[in-house]
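Okay, here's what each chain looks like letter by letter:
Number of protein chains: 2
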Amino acid sequence: MEDLFWIGFVGAAIALLFAWLQRSRVMSFSEGNEKMRKIAASIREGANAYLKHQYTTVFKVFLVVFILLLIIAFGSGGKMLSQFTPFAFLTGGIWSMLAGFIGMKIATNSNARTAQAASESLNKGLRVAFSSGSVMGFTVVGLGMLDITIWFFLLRYAFGINDPVSLGNIMVMNGMGASFMALFARVGGGIYTKAADVGADLVGKVEAGIPEDDPRNPATIADNVGDNVGDVAGMGADLYESYVGSILATFALGAVGGYGWGGLLLPVALAVCGIICSIIGSFLVKTKENATQQSLLKSLRTGTYTAAVLSAILAAPLTYFILDGHMGVYVAILCGLIGGCAIGYFTEYYTSDTYKPTQELAAASETGSATIIIGGISLGLKSTLTSILIVAAAVLVSYFAAGGSMEIVDEAGAFTAAFNQGLYGIGIAGVGMLSTLGITLATDAYGPVADNAGGIAEMSGLPESVRERTDALDSLGNTTAATGKGFAIGSASLTALALLVSYVNIVQENTEEMLNFTLTSPTVLVGMFIGAMLTFVFSAFTMSAVQKAAQSIVVEVRRQFKEIAGIMEYKADPDYASCVSLCTKGALHEMVVPALLAIIVPLATGLVLGPTGVVGLLGGVSVTGFAMAVFMSNAGGAWDNAKKYIEGGHHGGKGSECHKAAVVGDTVGDPFKDTSGPSLNILIKLCSTVSIVFSGLILSFNLMNLL
Amino acid sequence: MEDLFWIGFVGAAIALLFAWLQRSRVMSFSEGNEKMRKIAASIREGANAYLKHQYTTVFKVFLVVFILLLIIAFGSGGKMLSQFTPFAFLTGGIWSMLAGFIGMKIATNSNARTAQAASESLNKGLRVAFSSGSVMGFTVVGLGMLDITIWFFLLRYAFGINDPVSLGNIMVMNGMGASFMALFARVGGGIYTKAADVGADLVGKVEAGIPEDDPRNPATIADNVGDNVGDVAGMGADLYESYVGSILATFALGAVGGYGWGGLLLPVALAVCGIICSIIGSFLVKTKENATQQSLLKSLRTGTYTAAVLSAILAAPLTYFILDGHMGVYVAILCGLIGGCAIGYFTEYYTSDTYKPTQELAAASETGSATIIIGGISLGLKSTLTSILIVAAAVLVSYFAAGGSMEIVDEAGAFTAAFNQGLYGIGIAGVGMLSTLGITLATDAYGPVADNAGGIAEMSGLPESVRERTDALDSLGNTTAATGKGFAIGSASLTALALLVSYVNIVQENTEEMLNFTLTSPTVLVGMFIGAMLTFVFSAFTMSAVQKAAQSIVVEVRRQFKEIAGIMEYKADPDYASCVSLCTKGALHEMVVPALLAIIVPLATGLVLGPTGVVGLLGGVSVTGFAMAVFMSNAGGAWDNAKKYIEGGHHGGKGSECHKAAVVGDTVGDPFKDTSGPSLNILIKLCSTVSIVFSGLILSFNLMNLL
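In the order they appear, the protein sequences are chains Z and H. Using numbering that gives the first Met the number 0, the first residue of the first sequence is number 0, and each one after it goes up by one. Using numbering that gives the first Met the number 0, the first residue of the second sequence is number 0, and each one after it goes up by one.
The shape of chain Z in the complex, shown without the other chains:
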């Protein structure tokens, strides 16, 4: 069994091959008329330019951290840090970047094609957009699988690390590069896309009264570029990180849980199985012409649910075979799959306008923008109830089912085998939740493509019916994106807990002193406070970044409307490029501080408070980060859909006072749901991996050692 890890290569190959086939399929479609091709080219160009700048900035930061890691690893002769970690940091970053980049490439090549296909039929439009999403989905899982398997083979066979515990402990540190890259991509992309979106809306929709994606709006190209660099490239890097992170966190727990190589093989096998099931599911996504919103949704759901159910069924024999019949772990996997679906369902409940909460939120617009803001904040805060109860139940059930017990420490003060077994259950639940990421990500990533297609249809003056079709696809994308976010955030919380425990295990292994991680210890408590603060301050920086960048766009758009005569009468073209370049500058400038916080705060906390403070910090940041992410994502989603609900003819419809109030809500929600919220998922895991990577350093040097 310990030699079955080659299936990782098989899984990666299948995923990447499928992605390639889907890509060829998409590229075989026509990009439409010259105007469409021209617009698509501008978007492509803007997105490329932004990513190039972004990667240049990120490269510098990576270089600094890489050198720092090299010094620690080689300076201490590998004692404070494995000498592989600096290199794994680089590869993780590169793969994560690549996942986002490829996704962006295909998305910017599919938008005009989707618009053109939608002008022929709705089903054709769906197929093109969904295929483009699939390229992204399967590239992410394929590259993730490849990264993990290559490192596994390198370490085990080339460097001869033939003990599962050591190997797991080294591999868990490999997550840092991917997390760090993902944070930059999410934060930078998130700032870009929302600055453009907010800026375009504030002047275009609210002040000038022109519709969305109107070619007269100077920020409209930037807005469409934003969808690609934020919602596609950012999300790709993000989910690459989630996927790899959940598997690596389980690696570290698998061996100490007493399952040996089997404990490491199971998450890999589960992921490979998920890839195959996802491919099967994606063949089921198609729709009839003139399909309703309901039947479109049904067609996507058929795909994802089939993949999930198949995965759930196949996981039973897999677990039985790999773990010698420890079927409690199978229960944990089911917990993950069911928990993910449940969070997805409640996310939809709170954010979709077919349910009461969003409808009531729309009604709050009757008394103006202040009440719809208060209502949305309250809705988002309230929605943490179900998500947290689901995660709490998933944690407890998977822990106890996998063999955990209330006795977590033995007489000698060491963690019991039962404790580690239970934790392995929590980790594997996270892997289960993400095992069908190939298809869930495809349904998620097709949204921005449809959104862009709509923009291109509008700008190139295609018939109204085309825009209606792309709108149907786009609106559906909002719902599937909500589900996707549910999975991402649910798995993030489980992975963060698994990493937190791995941290404690690793620290305790490397010191003879018995560390006291009791919650009531002052250093742990202070660490928790700092963790909560990190969540709040990080959110603050990402929010204000959007606000600042958006303000610069507003000023520029107002200037163009004033200074370039004839824009409003379609007689002169606005200067799209200046908005694109302002967004790029703003995003790059504002993304660095929040991303660095995630490294500096855990490191500084460790240097002052020692490992117990770090554990407090990780606990605090995981818990508040999760709650805050759910709050922000759901509040933002609900505002967005409340606005759409009003646009659908309720409370006076488009242009009414209620609609204006709802637009304010939607605008506030933009950075909530697409910048701060999703970045928090990454933050909580990055803090854990950073702490793990620097644990050797912190153990040797910290202020508390001196007291």
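Since the hints were made in silico from the structure, they are not lab data. Hints are not guaranteed to be accurate.
No farther apart than 20 Å at their CA atoms in a straight line, the calculated lysine-lysine pairs in the PhoX-like style are these [unchecked claim]:
1. Lys355/H / Lys547/Z
2. Lys204/Z / Lys659/H
3. Lys659/H / Lys659/Z
With chain Z's structure known, arrange chain H on it following the hints.
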């Protein structure tokens, strides 16, 4: 030394006597002309009616909890719960209620008098308003001291409990009644005041374009009633609870810290000393005629700083004498005093329009209401940085200074004496922070009186110069209120930590099993998640309560403007009473669920997860509750002052587009800073005392016992 507790009676007598003298002084002023008296009478009537309804509702809930406690205490023969606790629960509730009620009484009798006095001179206006605030401040500390001392003498001398540890453990449970009452008063009053305020502003200022407190606005009396039932009665009950809670929490730690009776005497002595210093300080509050804002502020600060410095000086010999020279504890007291001032300073920095953050927030209004909302949220989130770092530093320094060490558990797994000594330091820091509450509360409570005085001046048509003077007083009140909130929230965090540890001590004393409170234990982690959820959901309920109640006011005001002809031309009087009764109904209806959450969630968590889950919950709710409270209070304060800054002539001044955007910000901020934010302070302590009170029950019955 153990017989010096009678000084508690002396302190209480001095405080109450001073409050009585101040009251007589206020009452000797004239209430002005008939119109003013009539308006003041309506406000008084509305406030009385509301409080009567509120107390009736609260009484029913208290009765249920009282019976529940009786059953547990007497049903278990005192094993699960001390038989004194049910009665202490009642007295705590009654005293807390009384503190708020007396404050409200004097405030509603001072508003017209302040307006009248301000029509004579600014200094006279200040003296009346400040004296009214002093009545409240010294009533709160006097009653608090009385309650504690009476119970102490009852338990020790009438019931012969002559062991400081047992006595401390019983007394710490006495806080529950006060906390529970405070929560109702804060939440109910907070909903009332903000529903009226938001409702009045939304239609009056934004839609009808009439100024604040305009007699044509049907919600204007309700708005003024709200100041009294929320900002006065609610705050009184709240700070009564903080004051008593901080002393009682230290009681429980004083004895186990190894200081015997001295450990209990010190907080009492410190409080008595603070009362005397506060009285001295309050004689220094006076101003010259035509004083500027700056010199008014200086006069209030002279009072509070003198009291604080005197207290700090006197605390040294007190500590030396009572604790036999353990001067480390004195350092902890200083930490509390300095920490409180530092939090107050940064609160002012983030919320006052003399500093950059609020000025920048005001500038965000240039691009509309969405960006000022995003900016305010971001400002509030960012402001948690300093508050949390200050609390973290105060916790660490007071812990180590008071003798704490990194070794918190001995070989046998019991907490070390050094650990408990350190914790005593944290507890006494909280007492130190609140020791001069008499005067800080006076500077805080005078704000709503000045606000009301302005309303009465406006409604009764006094000359513009009177309104200008009351506005100067009111605006100053905003700044001092910010400082007051800093003290309240800082002490809440320290008290919550002290109570959390007392919980662990009490639980561990009552079971032979070694409980594992390690942060990585699944039950602790799940508890932390639930604690964070409680904070978020509690905030959601209080926010949405305001939104719902405000919406009903908006509808009513719109109806009156439409149906009662001639309101706008001053030809017909609006129906003030209907708005007052709507607010009352709304507040009472909406306050019950959030208040019950604070009892039900810890209890349910305990029944499912056992004591380790409860500890997680308390950690989670303390940390996230603190961060959330700071965020909400500061964001709300900054929006308020950004609006005032614009009204002061910046960015186009009153009536400009920027002003409209700022009004939206202010309206959103209202429930943030006056309903949800301050209620969270109480929530985190109530959760702890509830857990302590029910700890015996939970130890015997919980689901984890069955696993």
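Results of checking the hints against the structure:
1. Lys355/H / Lys547/Z: holds (15 Å)
2. Lys204/Z / Lys659/H: holds (18 Å)
3. Lys659/H / Lys659/Z: holds (14 Å)
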